[in-house]
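Novice: Protein chains in written order, with the numbering used here: chain A, 32 to 399; chain B, 32 to 399.
One should not assume that every hint holds.
Which copy? The list can't say, so a pair holds if one copy fits it or any two copies do.
[As the list claims (entries may be wrong)] Below, a list of computed lysine to aspartate or glutamate pairs in the DMTMM-like style, where the Cα atoms sit at most 25 Å apart: (1) Lys113 with Glu189; (2) Lys55 with Glu278; (3) Lys37 with Asp69; (4) Lys234 with Asp373; (5) Lys265 with Glu352; (6) Lys222 with Glu272; (7) Lys325 with Glu141; (8) Lys228 with Glu278; (9) Lys55 with Asp397; (10) Lys55 with Glu43; (11) Lys228 with Glu272; (12) Lys265 with Asp280; (13) Lys222 with Glu278; (14) Lys356 with Glu93; (15) Lys222 with Asp235; (16) Lys222 with Asp290; (17) Lys37 with Asp100; (18) Lys171 with Asp373; (19) Lys356 with Glu264; (20) Lys95 with Asp235; (21) Lys265 with Glu353; (22) Lys228 with Asp290; (23) Lys234 with Asp280; (24) Lys156 with Glu278; (25) Lys228 with Asp397; (26) Lys171 with Glu278; (27) Lys140 with Glu278; (28) Lys234 with Asp133; (29) Lys265 with Asp316; (30) Lys222 with Asp301.
In case anyone wonders, no lab produced these hints; they're calculated from the structure.
There are 2 protein chains.
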Amino acid sequence: MKIQTKTHYFDEPLYLESGRVFSKFHLAYETYGELNSDKSNVIVITHALTGSTHAAGRYEGESKAGWWDSLIGDGKAVDTSKFFVICINILSSPFGSTCPLDIDDSTGKEYRTRFPVLVISDVVKAQVRLLSELGISRVKAVIGGSLGGMQALCYAIEYPNFAENIFALATTYATQPWAIAFNKIAISAIKSDPNFKGGYYDKDEIAKSGLNGMAVGRMAGHISFLSPASMNEKFGRNYVETDGLYELDGRFQVDRYLDYNGVNFSHRFDPLCYLYIAKMMNLFDCTRHYGSLKNAMAQIRAKLFLISFSGDILFPPNLMEEMYKCMIDLGAKERVFYTQIDSDYGHDAFLVEVEKFDYIIKRVLDAR
Amino acid sequence: MKIQTKTHYFDEPLYLESGRVFSKFHLAYETYGELNSDKSNVIVITHALTGSTHAAGRYEGESKAGWWDSLIGDGKAVDTSKFFVICINILSSPFGSTCPLDIDDSTGKEYRTRFPVLVISDVVKAQVRLLSELGISRVKAVIGGSLGGMQALCYAIEYPNFAENIFALATTYATQPWAIAFNKIAISAIKSDPNFKGGYYDKDEIAKSGLNGMAVGRMAGHISFLSPASMNEKFGRNYVETDGLYELDGRFQVDRYLDYNGVNFSHRFDPLCYLYIAKMMNLFDCTRHYGSLKNAMAQIRAKLFLISFSGDILFPPNLMEEMYKCMIDLGAKERVFYTQIDSDYGHDAFLVEVEKFDYIIKRVLDAR
Chain A
32 MKIQTKTHYF
42 DEPLYLESGR
52 VFSKFHLAYE
62 TYGELNSDKS
72 NVIVITHALT
82 GSTHAAGRYE
92 GESKAGWWDS
102 LIGDGKAVDT
112 SKFFVICINI
122 LSSPFGSTCP
132 LDIDDSTGKE
142 YRTRFPVLVI
152 SDVVKAQVRL
162 LSELGISRVK
172 AVIGGSLGGM
182 QALCYAIEYP
192 NFAENIFALA
202 TTYATQPWAI
212 AFNKIAISAI
222 KSDPNFKGGY
232 YDKDEIAKSG
242 LNGMAVGRMA
252 GHISFLSPAS
262 MNEKFGRNYV
272 ETDGLYELDG
282 RFQVDRYLDY
292 NGVNFSHRFD
302 PLCYLYIAKM
312 MNLFDCTRHY
322 GSLKNAMAQI
332 RAKLFLISFS
342 GDILFPPNLM
352 EEMYKCMIDL
362 GAKERVFYTQ
372 IDSDYGHDAF
382 LVEVEKFDYI
392 IKRVLDAR
Chain B
32 MKIQTKTHYF
42 DEPLYLESGR
52 VFSKFHLAYE
62 TYGELNSDKS
72 NVIVITHALT
82 GSTHAAGRYE
92 GESKAGWWDS
102 LIGDGKAVDT
112 SKFFVICINI
122 LSSPFGSTCP
132 LDIDDSTGKE
142 YRTRFPVLVI
152 SDVVKAQVRL
162 LSELGISRVK
172 AVIGGSLGGM
182 QALCYAIEYP
192 NFAENIFALA
202 TTYATQPWAI
212 AFNKIAISAI
222 KSDPNFKGGY
232 YDKDEIAKSG
242 LNGMAVGRMA
252 GHISFLSPAS
262 MNEKFGRNYV
272 ETDGLYELDG
282 RFQVDRYLDY
292 NGVNFSHRFD
302 PLCYLYIAKM
312 MNLFDCTRHY
322 GSLKNAMAQI
332 RAKLFLISFS
342 GDILFPPNLM
352 EEMYKCMIDL
362 GAKERVFYTQ
372 IDSDYGHDAF
382 LVEVEKFDYI
392 IKRVLDAR
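The following block holds chain A by itself, in its conformation from the complex (with noise of 0.2 Å):
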């Protein structure tokens, strides 16, 4: 499999929804296998919060393989022997694309708290002239799980006319009060990591005494991820240190898996971006401008895949079930597919047990 990683830089300017504008921004992204010379075979695949570029394969001496590699791949289900797969960082993500850490032109500083907030809506519009400017005006498929199918959803219905298929998995047509408030924590945490001071300037500071803030935040986002299940299977109440059980700092296993990856994740991820696309996700609400959910998907003319898993906290199946109603309401039922896989996962299991759904992908690109 051919893999690619690029930079495009626009000296165009983007006019965001806030009424704010980059003058100038870029767009890190990937590429798995060849495009063919009618560019009929692209493939779009949205990244989640955290995720970035680099969906499949290995890099050299990488030793794990991008975050959707048991998906995309030649012979997989998102076939790159057949099909040009592409994956674009998304804006305010600190993956190579534009983002609070870059420099603003018209100050010559950093952005840092002065970055624009974006919507889903801003994050597709770049992307959408990306593949433009690569000669791409209509995709195979939009594929996307959490916060990539959220893109995935905008690009179905403010781009009616782009893609054949789009693929939401682990998502919601709005975010609800429920996912704020595990976002909440995150943000109140961050923001009052002693370090924060408005925009983490001492950087010495920070490597000192580290990120605490977007370690208990992202524990938060731990728990959401998993569920009561999971937990259950994963940990039990198995104990760390078994002489430490009457130590108030003593240990059970789960308290340890939130300490590593707490701690692991403040190491990898900026904490302003952070703030920003947590931001970006609670604003999500694909319907503001139509009045309603069956407005919004009045729009849509692609074929509608939406995959729910069953122990799904953090966007519960019965939101992705509304849309799949709305769009037999609107006498759709040829272009929509709706199912739920079950799973005990929790919203982690559209990254990790892929071979329950892969199969739905590949049956539909597959098709002539």
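Given chain A, work out where chain B should sit, using these hints.
Specialist: Structure of chain B alone, referenced to chain A:
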């Protein structure tokens, strides 16, 4: 209704499960109604993580009544014109009983993080000792929800002849990793508070900059007390400052609710006590000395009333159902009762939807 608030000082040692010992300790408690001559009209109310002795009634000038006032009072389900009701502050809690803020006689200094880790069994052992001092060796009922329900179960299993009826609401026989994970956020947020420094010794600094860690931790608690449905109903996607939609600091109503409750709580609850009580909750497993749930429940001689709430994500109904089935398996079907109350209030339902279950308690207590 006659309310009395007292503290009892013990000069005899209390041996703890950890192997540590209080050479002296004290318990604060509140009573409602009058003890009859043969001391046969006693009801014990056990409080939850952040509760206090003040379960019912109003002190002079007090705007808000006790935390279970809708259940307890003259003519109410727990009728204080008939019963003598007692609510004892748990050890480790900051509301009057021995806790980390007290002076350790062996050092002459506050315990702080040198306070011993307690388990529910220790807490109940101390309560039984107090009741014994008051000449009470058998009670009509023990009634408690959440951590109070754990105490009620502990009375049932470890003091089989102590109570005629046990009411355990919104609780579990052993804290599951899901609940431990929510506590972990609070514990980590408290410990990474810049003012923590191993025990919050600098009171001037705390008065100045607050207890952000406790506030963030409490937010996680509030998520676990509510449910997706109750949040939708309470907040929806309503925004607080509509002109702040694209401001990074702009908040949804659910954000404001969490901010308000987090900060408010940090002013009324000591974070060190919180660490100890969260640990106590995490350690709770009433099967630990018995090898199995069945063996543990085989100890019970009281009538056991188990009440769960459909939307409770902290201690989901299936855990209480398991206890019920266990009692049935033990051939105790005439001594066990289980019901799941339909509620959108989540875990909080045991406090706020009293009218949905108080008739069960009333019927049992009224029977002769």
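Novice: All hints are to be evaluated individually against the structure, with a verdict given for each.
Specialist: Against the structure, the hints:
In this homomeric assembly, Lys113 and Glu189 never come within 25 Å of each other (Cα to Cα): the closest approach is 27 Å inside a single copy and 67 Å across copies. For the identical chains of this complex, Lys55 and Glu278 are inter-copy neighbours only, at 21 Å across copies versus 55 Å inside a copy, given an alpha-carbon limit of 25 Å. Taking the shortest Cα distances, Lys37 and Asp69 sit within 25 Å of each other inside one copy (22 Å), while across copies they are farther apart (85 Å). Within a single copy, Lys234 and Asp373 get their C-alpha atoms no closer than 45 Å, and across copies no closer than 51 Å, so neither meets the 25 Å cut-off.
Proximity of Lys265 to Glu352 under the C-alpha cut-off of 25 Å is restricted to the inter-copy arrangement: shortest distance 22 Å between copies versus 29 Å within a copy. In the homo-oligomer, the alpha carbons of Lys222 and Glu272 lie at most 25 Å apart only across protomers (19 Å), although the nearest pairing inside one protomer, at 32 Å, exceeds that limit. In the homo-oligomer, the alpha carbons of Lys325 and Glu141 never lie at most 25 Å apart, since the shortest distance is 41 Å inside one protomer and 62 Å across protomers. Only between protomers do Lys228 and Glu278 lie at most 25 Å apart by alpha-carbon distance; the minimum there is 17 Å, versus 34 Å within a single protomer.
For a Cα distance limit of 25 Å, the shortest separation of Lys55 from Asp397 qualifies neither inside one copy, at 39 Å, nor across copies, at 76 Å. Taking CA atoms no more than 25 Å apart as the test, Lys55 paired with Glu43 passes inside one copy only; the shortest distance there is 6 Å, against 75 Å between copies. Taking the shortest Cα distances, Lys228 and Glu272 sit within 25 Å of each other only across copies (23 Å), while inside one copy they are farther apart (36 Å). Proximity of Lys265 to Asp280 under the C-alpha cut-off of 25 Å is restricted to the intra-copy arrangement: shortest distance 21 Å within a copy versus 36 Å between copies.
Only between protomers do Lys222 and Glu278 lie at most 25 Å apart by alpha-carbon distance; the minimum there is 15 Å, versus 30 Å within a single protomer. Neither within a single protomer nor between protomers do Lys356 and Glu93 lie at most 25 Å apart by alpha-carbon distance, with minima of 44 Å and 51 Å respectively. Proximity of Lys222 to Asp235 under the C-alpha cut-off of 25 Å is found in both arrangements, the shortest distances being 18 Å within a copy and 22 Å between copies. Taking identical chains as interchangeable, the C-alpha atoms of Lys222 and Asp290 lie at most 25 Å apart whether they share a chain (19 Å) or sit on different chains (12 Å).
Taking CA atoms no more than 25 Å apart as the test, Lys37 paired with Asp100 passes inside one copy only; the shortest distance there is 19 Å, against 65 Å between copies. Taking identical chains as interchangeable, the C-alpha atoms of Lys171 and Asp373 are never at most 25 Å apart, the minima being 27 Å within one chain and 46 Å between chains. Only between protomers do Lys356 and Glu264 lie at most 25 Å apart by alpha-carbon distance; the minimum there is 22 Å, versus 33 Å within a single protomer. In this assembly of identical chains, the alpha carbons of Lys95 and Asp235 never lie at most 25 Å apart, being 30 Å within a copy and 49 Å across copies at closest.
Proximity of Lys265 to Glu353 under the C-alpha cut-off of 25 Å is restricted to the inter-copy arrangement: shortest distance 20 Å between copies versus 31 Å within a copy. In this assembly of identical chains, Lys228 and Asp290 lie within 25 Å of each other by CA distance both inside one copy and across copies; the values are 24 Å within and 19 Å between. Only between protomers do Lys234 and Asp280 lie at most 25 Å apart by alpha-carbon distance; the minimum there is 23 Å, versus 29 Å within a single protomer. Proximity of Lys156 and Glu278 under a CA criterion of 25 Å is satisfied inter-copy only: 20 Å between copies versus 53 Å inside one chain copy.
Taking CA atoms no more than 25 Å apart as the test, Lys228 paired with Asp397 passes in neither setting, with 52 Å inside one copy and 60 Å between copies. Taking the shortest Cα distances, Lys171 and Glu278 never come within 25 Å of each other, neither inside one copy (57 Å) nor across copies (36 Å). Proximity of Lys140 and Glu278 under a CA criterion of 25 Å is satisfied inter-copy only: 20 Å between copies versus 48 Å inside one chain copy. Taking identical chains as interchangeable, the C-alpha atoms of Lys234 and Asp133 lie at most 25 Å apart only when both belong to the same chain, with a minimum of 15 Å there against 40 Å between chains.
When the C-alpha separation of Lys265 and Asp316 is checked against a cutoff of 25 Å, the pair qualifies only between copies, where the shortest distance is 18 Å, while the shortest distance within a copy is 34 Å. Taking identical chains as interchangeable, the C-alpha atoms of Lys222 and Asp301 lie at most 25 Å apart whether they share a chain (13 Å) or sit on different chains (22 Å).
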